[in-house]
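Sequence order for the protein chains is A and B. Under the UniProt record's numbering, the very last position in the first sequence is 386; numbers go up by exactly one each time. Under the UniProt record's numbering, the very last position in the second sequence is 386; numbers go up by exactly one each time.
Be careful, since some hints might not be right.
What the hints assert, rightly or not - Here are the computed lysine to aspartate or glutamate pairs in the EDC-like style, where the Cα-Cα straight-line distance is at most 16 Å:
(1) 246/B - 83/A
(2) 195/B - 104/B
(3) 243/A - 282/B
(4) 243/A - 289/B
(5) 79/B - 180/B
(6) 243/B - 285/A
(7) 246/A - 285/B
Please keep in mind that the hints were generated in silico from the structure rather than gathered at the bench.
2 protein chains.
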Amino acid sequence: MHITECIVSAPGKAILHGEHAVVHGKVALAVSLNLRTFLRLLPNCTGKVCINLPNIHTFLSWDVTSLQSLLPDQADDLKNAKELDMDLVPRLRSFIGVTDGITDTSTMAVLAFLYVYTSVFAESRELPGLTVSVWSELPTGAGLGSSAAFSVCLAAALLSARGAITRPQAGLEHTARWSEEEMQLINTWAFLGEKIIHGNPSGTFESQTDSVFVWLVPMLRILLTNTKVPRSTKVLVAGVKDKINKFPAVMNPVLESIDAVSCKCQQTLSEMATEPTPEHYDVLEELIDINQHHLNVIGVGHPSLDRLCQVTLGLGLHSKLTGAGGGGCGITLLRPDTSSSVIQNAIQEVKDCGYDCWETSIGAPGVQHHSPSSMKEEVLQLLNSL
Amino acid sequence: MHITECIVSAPGKAILHGEHAVVHGKVALAVSLNLRTFLRLLPNCTGKVCINLPNIHTFLSWDVTSLQSLLPDQADDLKNAKELDMDLVPRLRSFIGVTDGITDTSTMAVLAFLYVYTSVFAESRELPGLTVSVWSELPTGAGLGSSAAFSVCLAAALLSARGAITRPQAGLEHTARWSEEEMQLINTWAFLGEKIIHGNPSGTFESQTDSVFVWLVPMLRILLTNTKVPRSTKVLVAGVKDKINKFPAVMNPVLESIDAVSCKCQQTLSEMATEPTPEHYDVLEELIDINQHHLNVIGVGHPSLDRLCQVTLGLGLHSKLTGAGGGGCGITLLRPDTSSSVIQNAIQEVKDCGYDCWETSIGAPGVQHHSPSSMKEEVLQLLNSL
Numbered sequence: 001m002h003i004t005e006c007i008v009s010a011p012g013k014a015i016l017h018g019e020h021a022v023v024h025g026k027v028a029l030a031v032s033l034n035l036r037t038f039l040r041l042l043p044n045c046t047g048k049v050c051i052n053l054p055n056i057h058t059f060l061s062w063d064v065t066s067l068q069s070l071l072p073d074q075a076d077d078l079k080n081a082k083e084l085d086m087d088l089v090p091r092l093r094s095f096i097g098v099t100d101g102i103t104d105t106s107t108m109a110v111l112a113f114l115y116v117y118t119s120v121f122a123e124s125r126e127l128p129g130l131t132v133s134v135w136s137e138l139p140t141g142a143g144l145g146s147s148a149a150f151s152v153c154l155a156a157a158l159l160s161a162r163g164a165i166t167r168p169q170a171g172l173e174h175t176a177r178w179s180e181e182e183m184q185l186i187n188t189w190a191f192l193g194e195k196i197i198h199g200n201p202s203g204t205f206e207s208q209t210d211s212v213f214v215w216l217v218p219m220l221r222i223l224l225t226n227t228k229v230p231r232s233t234k235v236l237v238a239g240v241k242d243k244i245n246k247f248p249a250v251m252n253p254v255l256e257s258i259d260a261v262s263c264k265c266q267q268t269l270s271e272m273a274t275e276p277t278p279e280h281y282d283v284l285e286e287l288i289d290i291n292q293h294h295l296n297v298i299g300v301g302h303p304s305l306d307r308l309c310q311v312t313l314g315l316g317l318h319s320k321l322t323g324a325g326g327g328g329c330g331i332t333l334l335r336p337d338t339s340s341s342v343i344q345n346a347i348q349e350v351k352d353c354g355y356d357c358w359e360t361s362i363g364a365p366g367v368q369h370h371s372p373s374s375m376k377e378e379v380l381q382l383l384n385s386l
Numbered sequence: 001m002h003i004t005e006c007i008v009s010a011p012g013k014a015i016l017h018g019e020h021a022v023v024h025g026k027v028a029l030a031v032s033l034n035l036r037t038f039l040r041l042l043p044n045c046t047g048k049v050c051i052n053l054p055n056i057h058t059f060l061s062w063d064v065t066s067l068q069s070l071l072p073d074q075a076d077d078l079k080n081a082k083e084l085d086m087d088l089v090p091r092l093r094s095f096i097g098v099t100d101g102i103t104d105t106s107t108m109a110v111l112a113f114l115y116v117y118t119s120v121f122a123e124s125r126e127l128p129g130l131t132v133s134v135w136s137e138l139p140t141g142a143g144l145g146s147s148a149a150f151s152v153c154l155a156a157a158l159l160s161a162r163g164a165i166t167r168p169q170a171g172l173e174h175t176a177r178w179s180e181e182e183m184q185l186i187n188t189w190a191f192l193g194e195k196i197i198h199g200n201p202s203g204t205f206e207s208q209t210d211s212v213f214v215w216l217v218p219m220l221r222i223l224l225t226n227t228k229v230p231r232s233t234k235v236l237v238a239g240v241k242d243k244i245n246k247f248p249a250v251m252n253p254v255l256e257s258i259d260a261v262s263c264k265c266q267q268t269l270s271e272m273a274t275e276p277t278p279e280h281y282d283v284l285e286e287l288i289d290i291n292q293h294h295l296n297v298i299g300v301g302h303p304s305l306d307r308l309c310q311v312t313l314g315l316g317l318h319s320k321l322t323g324a325g326g327g328g329c330g331i332t333l334l335r336p337d338t339s340s341s342v343i344q345n346a347i348q349e350v351k352d353c354g355y356d357c358w359e360t361s362i363g364a365p366g367v368q369h370h371s372p373s374s375m376k377e378e379v380l381q382l383l384n385s386l
């Protein structure tokens with residue numbers, strides 16, 4: 001089997017409106033976030049399979065021959081892999097020497113990698129030596145879809161190495177995407193990776209089927225802030241439920257209003273896709289402010305998020321929490337005419353609060369194949385150094 | 001006619017929940033506020049009628065004989081005075097030498113006084129010499145009902161001087177109130193005073209007939225803060241209307257939720273009237289927080305009010321705007337177990353923001369007759385010095 005180098009990337013994900021309301025049957029607007037996870041797959045002739053995950057300080061390698069014995073006797077067709085092979089998971093766990101209860105990020109990422117790697121190559125009965133290095137711009141465990149981006153990259157790179165999907169032709173900008181059918185296959189395998197990482201994903205918004213992932217979003221510049229205040233999605237979701245039970249007549253209209261915010265936002269975004277105007281940005285800002293207040297009403301605000309809103313509003317920028325709240329992350333909308341000095345000031349002031357802050361965008365492209373020359377220099381250097 | 005000294009007082013008024021929503025057909029909870037207006041009426045034998053309004057720097061006197069000529073030929077029965085005498089008002093205006101367009105606080109207060117004074121004594125065809133001195137703890141024009149309290153005091157004192165209502169028997173605490181029928185007469189005349197002061201009161205919440213004035217409120221301790229940020233009720237009311245028209249699906253549920261907050265608050269207050277518990281205070285605090293967010297959503301918040309909420313929350317106290325918003329006043333609930341050091345710290349920190357702040361209560365008694373010995377020393381001194 002001839003394996004060639006490949007570099008892929010996948011975006012993160014942010015909830016624009018509807019977090020928490022989605023748990024109560026309302027719409028949520030999830031959008032792609034252009035903080036990306038990059039994965040480089042390199043063939044090697046050391047007879048080893050190596051994974052480097054510098055973000056989570058994980059650098060491991062195994063002999064492919066020892067992994068070979070874990071392969072199922074009969075490999076399914078790649079396209080039929082809808083369910084996890086529940087025999088393989090414990091075999092992989094015991095292979096890397098972690099017991100059942102252990103679910104830390106590093107362990108789960110390694111398990112997901114080994115699962116997709118062994119399964120994708122199972123049919124060929126020959127596991128190739130290769131090195132997978134992953135670098136993510138996304139903070140881990142911040143509700144920004146870092147595990148989904150990781151799983152998507154794993155699936156795209158390994159399926160591509162296996163020859164199950166083509167190597168897409170790069171366009172002018174040396175990035176390329178796959179056909180609809182190939183995307184479907186990537187999605188199937190990425191979903192299995194996600195299932196391994198999250199187990200039964202209760203308490204996460206991802207488990208809600210009503211959420212709407214909006215791809216057709218115009219590219220909008222934002223600041224993404226991580227307050228780094230730890231929070232439990234499960235506890236926050238339960239708190240909202242308690243509030244609704246305590247004050248149903250007060251809270252149910254708030255969920256209704258949040259739903260209307262999501263709808264109005266979606267409508268505004270689709271208008272902006274054809275002809276964005278300053279008034280559209282006014283509406284987006286107003287909806288952000290409204291929903292931030294609503295999220296405070298349902299009890300998922302936090303002083304750190306109030307601070308973010310206050311600091312950015314001081315520079316004329318509008319912010320809201322994104323995701324579970326109670327700390328965690330916030331987004332700040334930038335307008336097309338927001339000057340770079342305002343942006344730099346905002347980033348500095350937010351960082352002065354002790355938060356992480358990135359200038360990025362939403363409505364970013366999905367999974368992509370990169371030629372090395374199309375890569376940001378610093379990311380390439382980072383991957384090369386591994 | 002024998003006129004005896006009398007001292008009366010009337011409370012201010014604060015909206016606990018439902019400001020603005022009341023304009024859109026929802027309930028508002030108005031409660032009495034124990035920042036009071038005190039009025040002392042003294043007979044004199046100088047043949048002059050004098051009014052001293054130190055809060056608004058107004059000290060005027062007139063010969064009763066010159067006023068006598070303004071009296072209507074035929075005086076109505078005092079109890080039938082439902083409408084303003086539209087001939088008397090311009091006669092009084094020209095008597096004190098102010099033209100039609102002039103509506104400043106001082107002019108309107110003097111007109112209201114002269115109107116009630118001349119009308120109440122019209123039937124007797126003999127205007128007595130007397131001195132009316134008024135001191136109010138209420139800030140003027142802050143939406144706290146200072147003009148209503150003034151009008152109520154005027155009506156009670158002048159009707160009492162005229163002998164149209166009795167001098168009530170003072171109870172243990174040397175304050176007393178009148179019979180139901182007498183209260184009705186005071187109310188009738190106070191309403192005429194209000195009509196003069198406010199003209200056609202459009203754009204004020206007072207003009208809304210749906211508002212519920214809740215008398216049966218347990219006495220609750222509060223801080224009353226005046227941010228002193230000037231605002232126009234009319235502009236704020238119009239802004240809310242615009243927002244509702246712009247985002248009806250988002251805003252209408254918010255009004256509904258505010259309505260539910262008012263109802264839940266009223267229910268909680270009536271439970272507290274029989275047996276108040278700490279949990280009742282928890283609910284009141286939660287409702288305050290929720291409604292403050294809602295008022296921000298409908299666009300009547302202000303950074304000065306955010307500041308008030310933030311500062312008091314730092315001491316575990318919950319605040320919301322009261323009245324029109326956009327600056328103006330805020331209330332902060334004090335619990336029975338809030339220590340005096342916390343209260344003193346809160347007052348100091350609020351004052352450090354540049355605001356006025358008073359410790360007072362809501363659910364205060366209405367119009368009262370006082371014996372001088374029942375009066376706060378500083379108020380009595382103040383009235384005596386005039």
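Going through the hints against the structure:
no. : hint          : result
1   : 246/B - 83/A  : violated (47 Å)
2   : 195/B - 104/B : holds (14 Å)
3   : 243/A - 282/B : holds (13 Å)
4   : 243/A - 289/B : holds (13 Å)
5   : 79/B - 180/B  : holds (14 Å)
6   : 243/B - 285/A : holds (14 Å)
7   : 246/A - 285/B : holds (14 Å)
Figure legend: structure checked against the earlier numbered hints; the only hint not met is number 1.
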